[in-house]
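Peer 1: Protein chains in written order, with our numbering: chain A, 531 to 1236; chain B, 531 to 1236.
Calculated from the structure, these hints are not laboratory results.
These numbers come from a predicted model, not from an experiment.
Incorrect hints may have been included.
Heads up, the list lumps identical chains together, so a pair's fine if it works in one copy or across two of them.
[Unchecked claim] In the EDC-like style, the derived pairs of lysine to aspartate or glutamate whose C-alpha atoms are separated by at most 20 angstroms in a straight line are: (1) K1152 - D1171; (2) K1152 - E854; (3) K532 - D551; (4) K1152 - E1124; (5) K966 - E740; (6) K620 - E596.
Number of protein chains: 2
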Amino acid sequence: MKKFEHLFEPRAIAVVGVSDDGARPGTQALRALVKNGFQGGLFPVNPKYPTFDELPCFASVDAIPEAVDLVVIGVPASGVLAVLESCARKKVGYAVILSGGFRESGPEGIERERRLLEIARAAGIRLLGPNCLGFANIHTGLYAAFGSITRPPKLQRGAVSLVTQSGGFGYSIALACAEAGIGFRHVIATGNETDIDTIQLIDALLDDEETRSIIAYIEGTSDGRALLDVGRRALAAGKPLLLWKGGVTEQGAKAAESHTASMTGTYDFYRALFRQTGIVEIQELHEAVDYLLAFEGRRYPTGNGVAVMGVSGGSAIVFADAGERRGLQLCELSAQTQQALAGVVPNIGAVHNPIDLTAGYFSAANQVKLEAAVRATLADPGVHALCVNLATTGQAGSLAAAQVLVRVAQESDKPIVVFSSTPVAENAQALAEFAKGAVPVLRSPSRAARAVATLADYRRVRERLLAAPAAADTGVAKAEAGAEAATTVQAGRALSEAESKAVLAAAGIPVSRDVMVPGPGKLAIEGLRLPLVVKVVSPDIPHKTEVGGVRLGITSQAALDEAIAEVLANARRHIPQARIEGALVSEMVRGGFELIAGVVNDEVFGPVVVVGAGGIYAEVLKDTSSRIAPFDEATARDMLDELRCRPILDGVRGAPACDVGAIASALAALSRFAWAHREQVREVDINPLFALPDGVVAADALVVPL
Amino acid sequence: MKKFEHLFEPRAIAVVGVSDDGARPGTQALRALVKNGFQGGLFPVNPKYPTFDELPCFASVDAIPEAVDLVVIGVPASGVLAVLESCARKKVGYAVILSGGFRESGPEGIERERRLLEIARAAGIRLLGPNCLGFANIHTGLYAAFGSITRPPKLQRGAVSLVTQSGGFGYSIALACAEAGIGFRHVIATGNETDIDTIQLIDALLDDEETRSIIAYIEGTSDGRALLDVGRRALAAGKPLLLWKGGVTEQGAKAAESHTASMTGTYDFYRALFRQTGIVEIQELHEAVDYLLAFEGRRYPTGNGVAVMGVSGGSAIVFADAGERRGLQLCELSAQTQQALAGVVPNIGAVHNPIDLTAGYFSAANQVKLEAAVRATLADPGVHALCVNLATTGQAGSLAAAQVLVRVAQESDKPIVVFSSTPVAENAQALAEFAKGAVPVLRSPSRAARAVATLADYRRVRERLLAAPAAADTGVAKAEAGAEAATTVQAGRALSEAESKAVLAAAGIPVSRDVMVPGPGKLAIEGLRLPLVVKVVSPDIPHKTEVGGVRLGITSQAALDEAIAEVLANARRHIPQARIEGALVSEMVRGGFELIAGVVNDEVFGPVVVVGAGGIYAEVLKDTSSRIAPFDEATARDMLDELRCRPILDGVRGAPACDVGAIASALAALSRFAWAHREQVREVDINPLFALPDGVVAADALVVPL
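Whenever a hint applies, use it, and build me the whole structure from the sequences.
Peer 2: Spelled out as structure tokens, the structure:
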């Protein structure tokens, strides 16, 4: 691990805050280092003791006669700054601050944390913490930590690294994984993240050869773009990144000026990011376990067709229930496959999917038959993954199955997952055999189904990224090029509807045809497609309807002139000081389906594009979907596919289908515009965006500058 | 257990189908009975052996010289009928048929199963199975079973009974529960349910004093009403009934003639029933574990306010995330509570909710403080339940906490749940202490939150039932009384829209004002509220729009007469043979919100009322809710509360609120009508049902007879 090398592989460590009280964090850390056999220099620090636990003990860090890479600080908060200053004098590279009493504990702590970072920055010290449990390098047995991490059971070596903002809950994830036989590389609690944060650590772990999967618990980040980047890097590297986002419901919807922004909350943006990067969201401990086990096989279904075989019909049904909800299908087996199965499955069984091997099938005597059945099934082109339900099969049968499945799995590029309910204590041999071949054993059929679906989802997102690795960058380039055209968008200068639509039109988003007129009598109705809409134009009137500034359904010259006069008069009466630029005469868009689209320039994520069902349903049903800008049309299609109203776009009740390609194209264009103008635009609100059988039209729009 | 007494407590058992092959079901069953110390008469049957496993072996059941209560049959399917005939001669009360090869295996098996039931009925023998794993009475050590049930680990005695249609998967549920320390009373696999079915067994278990909770896995039932009854009985008895319904996605939507029926599928009806009866739906093994543990405390939150305390901030956040999704709230603690907490919580902790006790708080030294903290929190009137997050606290601290929590829990009527991640193997003493006091220990904070929410939901449904125990019956009585009024509904006789509306109006559902006219020129427009709608009336034209049989928006006498003439002419032209009764002139209902409501007279559940958002969204968004008829207005309000469009009814964007009371009243009336006419009505389709600021109006309706 190149980044943070001397944090995770320090040559010498000082521990400040050792004491006779074995419960003190410093004492715990020192003893954990000793107990786990740290081989480098180890220097306890406490001015009260000449020696501690038989090691020479020093009065301060700078009193240590040798070079020190890492200082573990466990003194009370009030003493931490002085310790860090001694670290600065000693030119230490890294400090892990276990102590609490910083940002989390009020104004005094906030100031203390500010000073901490100041000292560290000035001295070039990188900090982990404060207010953290520390970290452990499981491969080298380095435990710079206190609390549960240092207590039994000891984590086994493995290929999973864990980074967690919450030491307590994060370690719950580690324990759940450990119970299922998952081994670890690094376990890192980041606490307040004053300096080193979760994203930097994930970034470093992606370069760590010993880390094959990463799991993280985060409560928040101030840099959504960094998370996006690291997510994409992980996907490209083929190292699954699993993430549990805590605090998803406590964060209320963001305060926002326009309708678009109120449609969604920050958690939606995290979820959008997960979908764009293949980050696997975790919301339960067993999901962490199941998906890490499943990913360990490094085989991914190339489609959604699954075959299920086993000795429990109920388990197959439960698999199908959970699988369908996640997009899997119990595929039809070919005649050839069924014929092959018929030769090795008892008559009272079933050779269609799910395949019923009949009770007691898993046994040493049946290994040859089982292998033939598994090979025949995997050879079926409709089968992209296989689930074998051992259910409550005992150890002898499970072991017999394990030997066959491990052998076949190694020669197949289709994933095999196993469901077993047999208690772990009764089944150790079989489980060890499965683990040897990285064939995941899940504890319920529904969990098995979700594991397969997660592998399939991951594969799909990864293929997209690998096929168009520069999609995002291309988008950026296009967006940057187009940025100059729309020079009317400047931070601080409000735009009227007409200007907003002109800006969006220049960015490649079709808008309805409009004519600006200064007053009645200036526009002949001939040549316009009726009916028309008349709206007052003023940068000071964002909500035109409320001031009587809109008239619909105009079909004659007289009505047009009357409407123009009326909206101008209404606007002047309601907001006398408004700068009124004239009236906008537009062709009314009719037919099609009303969507709403927009941009939120989020503090954490930067510009995010949101699309949703229009009208009252946008507000009430919250039927929206979002993606971090910029993105391509394929991603825009994904957004649309997530909408509950999606079937309407394909035409229902005899209505014609809408032009989904045009919608996707407009959304991608909007995302490029949003990215290019991220320094100027706060929000974009296109309401409605009409999805038509042939094209798409923004009938009203507002660009809100920063 | 009075019902099925000599099945579950037989005085003597014969086992037919013992053999030298230890894998045969009969052999397994006999050996399981012996090994587990069955004390009554035990008679192996096989004409080949004089003795079997040192017991006298008999040539047939009727050759046994003593009375036999139960015969366990494990011979191949082809021999089962003959064995059952010998049981009939022997006047046996019960037979458990382990053998497969019946309904599940094709036409021959179907016929064999039919004969099986015929013989049993004639002889008064009650059957469990065929094609089942049998059952075990864990309290008496009676194992009339084969397969996994008879293998280690042995289930411990306890108060949970399990009934399962799938032996294999059902036993997976039992094993998951056993692993968490849950003990059992009866474990019963029902297989094909030729005779005794899951519902009858649940009914019997409700009368079993040793059974305190029941969990069942079912794939289907042919009698939804029996399930409704047993669900209500369980709720009244305070015995939680947990149910896993398998096959929820494989069952496609029912074929149906009207729009209402196509809106929903059978699984929706199961879910409706669960909500009406407090049956707890299970969809994952750990849910079974968690909810059974939580129910064991027999304490229920009287509201949705929860306090969380512990040593892990991350765990509290995860609890809050999951809790909010299930309707729980981390309540604000009173000043008095916070003051009391301040005396026993360290300064760097937090005395607001979630309460941060700070790392290492759980210890023998802190027991007095912890007890004070817990008592103060439980005394807060806003707190209806308490979650204590031990997170990764070690055994000593966990045990200290357990001693306090068990003591306080016994004196409180508010439930306490605990989250602990500490591996079971490291924590046995603490877990035993918690189990002693029935304080549930959940394996993640989110699971703890869902357990609390499940207790709260159960309490709410139960209170409703106990407060109005005869609500359903009252409904029935009212419905029966009203049945005579609407004599126009007869099975086999199609109703026109006008007749349908008249029938529903008589049943208490407001309908729009209509006038039937034979042709143009017969109706003066004065006195009617404009605009009007004109529709052709014919029992032979269910879809009027398609034949040009509807004209909208009529505001003058001339237009009215023209419209009447036109719809009649259109109808005659399109369907020359249709019996045309005239034209229906109706006041157009305007404003309000368009719902759709209806009745499906389901084969399994009988009449079910469905309500949903109207228009295109009913079809596309499937925003519907259903309840088994009849029901009261409180239940109808629950239905409305489940709709995603529910906020619209309260008024959004300045629109007035709709009259929710009137909608509920109409739905309850519809449910009584549906129940009273269950022998005559196949479907009712009210589309649209206008929810108005003041009342509700069915603007169009069709009653489809059986």
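Peer 1: All hints, please: hold or fail.
Peer 2: Right, here's what the structure says about each hint:
1. K1152 - D1171: both (15 angstroms within a copy, 16 angstroms between copies)
2. K1152 - E854: Classified as between; 17 angstroms across copies, 24 angstroms inside a copy.
3. K532 - D551: neither (36 angstroms within a copy, 63 angstroms between copies)
4. K1152 - E1124: both (14 angstroms within a copy, 19 angstroms between copies)
5. K966 - E740: within (18 angstroms within a copy, 45 angstroms between copies)
6. K620 - E596: So K620 and E596 pass the 20 angstroms test inside one copy only (9 angstroms; across, 93 angstroms).
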